[in-house]
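Novice: The primary structure of each chain is shown beneath.
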Amino acid sequence: MIRHIISILIENESGALSRVAGLFSARGYNIESLTVAPTEDPSLSRMTLVTRGSEDIIEQITKQLNKLIDVVKLIDLAESNHIERELLLIKVKTSPEMREEIRSLSDIFRGKIIDVTPTTYIIEMTGPSEKLDAFVAAIDPDSIIETVRSGPTGISRGEKGLHL
Amino acid sequence: MELNGAQIVVQSLIDEGVEYIFGYPGGAVLHLYDAIFQQDELKHILVRHEQGATHAADGYARATGKPGVVLVTSGPGATNAVTGIATAYLDSIPMVVISGQVSLPVIGSDAFQEVDMIGITRPCVKHNFLVKDVTKLAETIKKAFYVATTGRPGPVVIDIPKDITAPNIKVTYSYPQKVSIRSYNPVLVGHKGQIKKAVDLLLSAKKPIIYSGGGVVLGEASSELIEFTKTLGYPITNTLMGLGSYPATDNQFVGMLGMHGTYEANMAMHESDVIIAIGARFDDRVTGKLDLFCPYAKIIHIDVDPASISKTVRVTIPIVGDVKPVLDQMMELIKENKNKIDGVALAEWWNQIRQWQSVNCLEFDRSSPLIKPQYVIEQLYEVTKGDAYVTSDVGQHQMWAAQYYPFTKPRRWINSGGLGTMGFGLPAAIGVKLAFPDADVACVTGEASIQMCIQELSTALQYKTPVKIINLNNRYMGMVRQWQEFSYESRYSHSYMDTIPEFVKLAEAYGHVGIRITKPEEVRPALEQAFALKDRTVFLDVMTDRTENVYPMIEAGKGHHDMKLRVATGTSTDRELA
Ligand SMILES: Cc1cc2nc3c(=O)[nH]c(=O)nc-3n(C[C@H](O)[C@H](O)[C@H](O)COP(=O)(O)OP(=O)(O)OC[C@H]3O[C@@H](n4cnc5c(N)ncnc54)[C@H](O)[C@@H]3O)c2cc1C
Ligand SMILES: Cc1ncc(C[n+]2csc(CCOP(=O)(O)OP(=O)(O)O)c2C)c(N)n1
Ligand SMILES: [Mg+2]
Numbered sequence: 001m002i003r004h005i006i007s008i009l010i011e012n013e014s015g016a017l018s019r020v021a022g023l024f025s026a027r028g029y030n031i032e033s034l035t036v037a038p039t040e041d042p043s044l045s046r047m048t049l050v051t052r053g054s055e056d057i058i059e060q061i062t063k064q065l066n067k068l069i070d071v072v073k074l075i076d077l078a079e080s081n082h083i084e085r086e087l088l089l090i091k092v093k094t095s096p097e098m099r100e101e102i103r104s105l106s107d108i109f110r111g112k113i114i115d116v117t118p119t120t121y122i123i124e125m126t127g128p129s130e131k132l133d134a135f136v137a138a139i140d141p142d143s144i145i146e147t148v149r150s151g152p153t154g155i156s157r158g159e160k161g162l163h164l
Numbered sequence: 001m002e003l004n005g006a007q008i009v010v011q012s013l014i015d016e017g018v019e020y021i022f023g024y025p026g027g028a029v030l031h032l033y034d035a036i037f038q039q040d041e042l043k044h045i046l047v048r049h050e051q052g053a054t055h056a057a058d059g060y061a062r063a064t065g066k067p068g069v070v071l072v073t074s075g076p077g078a079t080n081a082v083t084g085i086a087t088a089y090l091d092s093i094p095m096v097v098i099s100g101q102v103s104l105p106v107i108g109s110d111a112f113q114e115v116d117m118i119g120i121t122r123p124c125v126k127h128n129f130l131v132k133d134v135t136k137l138a139e140t141i142k143k144a145f146y147v148a149t150t151g152r153p154g155p156v157v158i159d160i161p162k163d164i165t166a167p168n169i170k171v172t173y174s175y176p177q178k179v180s181i182r183s184y185n186p187v188l189v190g191h192k193g194q195i196k197k198a199v200d201l202l203l204s205a206k207k208p209i210i211y212s213g214g215g216v217v218l219g220e221a222s223s224e225l226i227e228f229t230k231t232l233g234y235p236i237t238n239t240l241m242g243l244g245s246y247p248a249t250d251n252q253f254v255g256m257l258g259m260h261g262t263y264e265a266n267m268a269m270h271e272s273d274v275i276i277a278i279g280a281r282f283d284d285r286v287t288g289k290l291d292l293f294c295p296y297a298k299i300i301h302i303d304v305d306p307a308s309i310s311k312t313v314r315v316t317i318p319i320v321g322d323v324k325p326v327l328d329q330m331m332e333l334i335k336e337n338k339n340k341i342d343g344v345a346l347a348e349w350w351n352q353i354r355q356w357q358s359v360n361c362l363e364f365d366r367s368s369p370l371i372k373p374q375y376v377i378e379q380l381y382e383v384t385k386g387d388a389y390v391t392s393d394v395g396q397h398q399m400w401a402a403q404y405y406p407f408t409k410p411r412r413w414i415n416s417g418g419l420g421t422m423g424f425g426l427p428a429a430i431g432v433k434l435a436f437p438d439a440d441v442a443c444v445t446g447e448a449s450i451q452m453c454i455q456e457l458s459t460a461l462q463y464k465t466p467v468k469i470i471n472l473n474n475r476y477m478g479m480v481r482q483w484q485e486f487s488y489e490s491r492y493s494h495s496y497m498d499t500i501p502e503f504v505k506l507a508e509a510y511g512h513v514g515i516r517i518t519k520p521e522e523v524r525p526a527l528e529q530a531f532a533l534k535d536r537t538v539f540l541d542v543m544t545d546r547t548e549n550v551y552p553m554i555e556a557g558k559g560h561h562d563m564k565l566r567v568a569t570g571t572s573t574d575r576e577l578a
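Sequence lines, in order, name chains A and B.
In this text, residue positions in the first sequence follow my numbering: the first is 1, and each later residue adds one.
In this text, residue positions in the second sequence follow my numbering: the first is 1, and each later residue adds one.
The shape of chain A in the complex, shown without the other chains:
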């Protein structure tokens, strides 16, 4: 069950997202995460979908996605050299004696403290999902008020790209 990151260029139409989500539930494929936003061409959206499955399943997933009329193009990023990033926002309780420790931990992971109150920090961090996992694991669970993650997005390296 290898993890695959599928990048999809899709018509920016109402209902397009539900076609993708519906396909996954109807056919019993799993979605680990899904991000979507319009591209520089407002008629198109770019979706990044993380899924797991055997080679046969991934082949069917990409074929079935391609079959959706709204899907313009897609690539399986896992097949080539690519960069993957995820955004994490995390709100932590900060007792006076812990503030310094959390700050340096955030520095080590190249996080940014973007909001400070007498009792909390909000830290912003991007990176591959494993790095974010590692950071979250390094923080005392009792001090975490909430976390929010965007799910990974990705882009392939070099001159090749996913465009019309």
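Quick caveat, the hints were computed from the structure, so don't treat them as lab data.
We treat Cβ as the ideally placed atom computed from N, Cα and C, and that holds for glycine.
Hints may contain errors.
As the list claims (entries may be wrong) - With a straight-line cut-off of 30 Å between C-alpha atoms, the simulated BS3-like cross-links for lysine-lysine are:
{"no.": "1", "chain 1": "A", "residue 1": "67", "chain 2": "B", "residue 2": "197"}
{"no.": "2", "chain 1": "A", "residue 1": "67", "chain 2": "B", "residue 2": "324"}
{"no.": "3", "chain 1": "A", "residue 1": "73", "chain 2": "B", "residue 2": "196"}
{"no.": "4", "chain 1": "B", "residue 1": "132", "chain 2": "A", "residue 2": "73"}
{"no.": "5", "chain 1": "B", "residue 1": "298", "chain 2": "B", "residue 2": "66"}
{"no.": "6", "chain 1": "B", "residue 1": "196", "chain 2": "A", "residue 2": "63"}
{"no.": "7", "chain 1": "B", "residue 1": "178", "chain 2": "B", "residue 2": "43"}
{"no.": "8", "chain 1": "B", "residue 1": "43", "chain 2": "A", "residue 2": "73"}
{"no.": "9", "chain 1": "B", "residue 1": "197", "chain 2": "B", "residue 2": "170"}
{"no.": "10", "chain 1": "B", "residue 1": "298", "chain 2": "B", "residue 2": "178"}
{"no.": "11", "chain 1": "B", "residue 1": "66", "chain 2": "B", "residue 2": "136"}
{"no.": "12", "chain 1": "B", "residue 1": "66", "chain 2": "B", "residue 2": "206"}
{"no.": "13", "chain 1": "B", "residue 1": "311", "chain 2": "A", "residue 2": "67"}
{"no.": "14", "chain 1": "A", "residue 1": "67", "chain 2": "B", "residue 2": "206"}
{"no.": "15", "chain 1": "B", "residue 1": "178", "chain 2": "A", "residue 2": "63"}
{"no.": "16", "chain 1": "B", "residue 1": "311", "chain 2": "B", "residue 2": "196"}
Unchecked claim - A few chain A positions that, by computed beta-carbon distances, are all more than 12 Å from chain B:
{"no.": "17", "residue": "23"}
{"no.": "18", "residue": "36"}
{"no.": "19", "residue": "42"}
{"no.": "20", "residue": "44"}
{"no.": "21", "residue": "99"}
{"no.": "22", "residue": "122"}
{"no.": "23", "residue": "125"}
{"no.": "24", "residue": "130"}
As the list claims (entries may be wrong) - Only some residues are given here: those of chain A computed to face chain B with a beta carbon under 10 Å:
{"no.": "25", "residue": "22"}
{"no.": "26", "residue": "31"}
{"no.": "27", "residue": "59"}
Position chain B with the ligands against the provided structure of chain A, taking the given hints into account.
Specialist: Below, chain B with the ligands alone, put in the same frame as chain A:
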């Protein structure tokens, strides 16, 4: 030309070349019905239930190759159409369904007769559109027909809010000659390298078999398939959906394959070393248990839909493309290299196949005092000289029609294979008869199936579509009863009905002719009488042997080589007629 939305819909359909629209009115489509009233080019067929509209349009599409067109109102009209849409979807039938929707401003407010038709149909359409702007209406309709009829065909829904068809809002109308959709470009011509490899493999085969399906019918490639098969001299089997695309009377044809296919077709598949699948999708009714499927074969697969390839069975050489050009491409290479065929091996292979054929797997008890359903179909074939359009419902009668009526032309055998929709047969027959008023159209059905769309008898009278309903009345949901006999120790749980209507009276009440027969010797004369009544719909209620089963059969979890054959005695235990 300035037209309002309702007029645009009607004019677009006319400009698209639509002859018939099958529909049922209601609030959300009243503007449309008013526009239909005010013209007479587009002919509207008023059904008695929206499911009937979809099946009639579907029958029309299967018989003609042209898309079927349906019009239903919002809410219950739309949901009633869903079964027919799904039926067309699973068999890849081109269809355009226009559903009314509540007006744009009230969408999402649980308005009167509002359902999310786009959401409901999403998993059973090729695509669907919600029209939000009257200026996009004509283009959307053009796109719908384009998507429905190209590549792998399928149903497309256009959901039109009532205010889009309002009489007072007029816009400039012109119907686009062509549309292109940047995200939709079906591959039609096959990859040359793959074709070369496929031909090499095919010609090197010692035990080849051609396994072709509905894609040949849909792709209008019957004559190419015949030339291909004749040139190679290889055995050919068809799926249920492919029947007729290769003449069943030809001696290279080994019958249908799969669950109720012939012994020889399934054995040949099992023993084969090279299989070429042409427009067939390795359905589970065809493959039996996947682990046991064709253990010795390398497989070539031609299909216009890449997602059909290696979906359930991994193939050796995939070829994405339209069957017609791909077969043409292959034929060129085959003609040049025909001498590579191993004639000796092929002769041995045919020998083996002839042996399997000698098992006579479709033989049945011909001396029974009861009417055998198989005999009825044989007689139907004789009386119609093998040239009828035969629609069917779903059950044992469907399998017998497929097994005992050797179809020699494509588009003559019209049934719901993928969804297996009871209720399909009668409305489909009406659609066929509208398309071909001079042809013989028979609907082979069962007493359970026919009751699922029986109301369309009324439509048949109104539009003078004299079809012949052959009701193989076994007083059982025979197909269900058969499974219960084999797998549930004959516990016939709810597979019979104690109250079956008197179909003769029912037919008469609807204004048709009803005939009931109980003895084998009545079969032929009754069929002759039915078809002689050219301008009447005839309901032939045939009391058949209620214990008869469909053989041969691959039972659940078994492979092709492990078919259950009819036991030689074959006598019925229940000789009493209800
Ligand atoms: C009670 C019952 C019993 C059944 N028993 C059997 C049985 O014993 N044997 C049997 O065969 N079936 C049986 N069926 C039917 C079965 O469920 C499937 O519907 C059927 O096997 C599918 O046929 P097919 O593979 O030809 O595919 P279809 O559903 O006809 O699909 C056509 C394929 O061709 C492709 N295609 C379409 N157009 C083109 C083109 N232009 N060029 C190339 N490719 C194209 C499509 O992408 C698709 O993959 C039974 C059904 C019922 C209800
Ligand atoms: C709408 C629908 N409901 C249920 C079924 C399941 N089913 C398949 S065959 C069958 C029995 C059909 O009985 P009948 O029409 O009398 O045909 P027979 O098998 O007796 O020839 C049933 C209930 C179905 N295919 N379609
Ligand atoms: Mg019955």
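Novice: If a hint holds in the structure, say so; if it does not, say that too.
Specialist: Verification of the hints:
no.: 1; hint: A/67 x B/197; in the structure: holds (26 Å)
no.: 2; hint: A/67 x B/324; in the structure: holds (21 Å)
no.: 3; hint: A/73 x B/196; in the structure: holds (28 Å)
no.: 4; hint: B/132 x A/73; in the structure: holds (26 Å)
no.: 5; hint: B/298 x B/66; in the structure: violated (35 Å)
no.: 6; hint: B/196 x A/63; in the structure: holds (24 Å)
no.: 7; hint: B/178 x B/43; in the structure: holds (24 Å)
no.: 8; hint: B/43 x A/73; in the structure: violated (40 Å)
no.: 9; hint: B/197 x B/170; in the structure: violated (57 Å)
no.: 10; hint: B/298 x B/178; in the structure: violated (41 Å)
no.: 11; hint: B/66 x B/136; in the structure: holds (24 Å)
no.: 12; hint: B/66 x B/206; in the structure: violated (40 Å)
no.: 13; hint: B/311 x A/67; in the structure: holds (14 Å)
no.: 14; hint: A/67 x B/206; in the structure: violated (36 Å)
no.: 15; hint: B/178 x A/63; in the structure: holds (27 Å)
no.: 16; hint: B/311 x B/196; in the structure: holds (23 Å)
no.: 17; hint: 23; in the structure: violated (8 Å)
no.: 18; hint: 36; in the structure: holds (16 Å)
no.: 19; hint: 42; in the structure: holds (15 Å)
no.: 20; hint: 44; in the structure: violated (9 Å)
no.: 21; hint: 99; in the structure: holds (48 Å)
no.: 22; hint: 122; in the structure: holds (35 Å)
no.: 23; hint: 125; in the structure: holds (35 Å)
no.: 24; hint: 130; in the structure: holds (32 Å)
no.: 25; hint: 22; in the structure: holds (5 Å)
no.: 26; hint: 31; in the structure: violated (16 Å)
no.: 27; hint: 59; in the structure: holds (7 Å)
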